[in-house]
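Numbering follows our numbering, in which position 64 of the sequence shown is assigned residue number 231; successive positions increment by one, without gaps.
These are calculated hints, taken from the structure and not from any lab test.
You may find that some hints are simply not true.
[What the hints assert, rightly or not] Now the in silico label distances, taken between C-beta atoms and shown as ranges:
no., residue 1, residue 2, range
1, 212, 241, 14 to 24 Å
2, 261, 188, 34 to 44 Å
3, 281, 321, 57 to 67 Å
Just so you know, even glycine gets a beta-carbon here, dropped at the ideal spot from N, CA and C.
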Amino acid sequence: QIEDFTSTTSSVPMSSVPLQFLVNVYSSSSTCGSGPSISYSATLRDGSVVYVTVGFLWQESIVATSYSPIAEIVSFSPLGLTKSSLQQVPNTFDWMVTLSWTPEYSQIGPHIFCFSAIDNLELSSELRCVTLIVAIYDCLHGRVTECGTCQCDTGWTGYNC
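Full structure from sequences and hints, please.
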């Protein structure tokens with residue numbers, strides 16, 4: 168019963184409405200909290216920094232493990248980064264996607280990449296986020312900065328000095 172009163176000291180309700188709700192209980196082969204986990208990613212550990220060379224193909228695999236089928240590996244990705252279709256690794260509880268990206272000069276600098284696995288019960292893995300820094304492979308007359316650009320020596324200019 169839900170009731171409202173004119174004041175906190177009043178004992179006569181202004182209105183009174185019965186409350187009903189429905190609880191749906193079902194059996195599941197999965198236990199609570201047994202959602203998917205990211206079981207493998209060689210370089211994409213949460214909080215890590217990965218350098219990617221401008222103009223070159225970068226590839227990485229993400230493998231998620233779950234006793235329920237993985238529905239999707241969701242991601243927040245830089246422009247142009249593609250994800251292969253989700254594939255189950257034969258005879259395992261593992262599911263995999265392959266990431267591919269060839270960053271352009273206009274993308275030099277840091278990019279955030281986050282991902283998580285979601286199973287068909289709508290349980291999700293931990294969210295992992297990494298910083299992908301698009302960098303120039305080599306500065307001919309200078310040094311590569313932590314942002315991936317060249318800091319040219321005096322008298323030199325351009326993308327790679």
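For each hint, the structure was consulted:
{"no.": "1", "hint": "212 / 241: 14 to 24 Å", "in the structure": "holds, 18 Å"}
{"no.": "2", "hint": "261 / 188: 34 to 44 Å", "in the structure": "holds, 39 Å"}
{"no.": "3", "hint": "281 / 321: 57 to 67 Å", "in the structure": "violated, 40 Å"}
Against the hints set out earlier in the document, a violation occurs for number 3 only.
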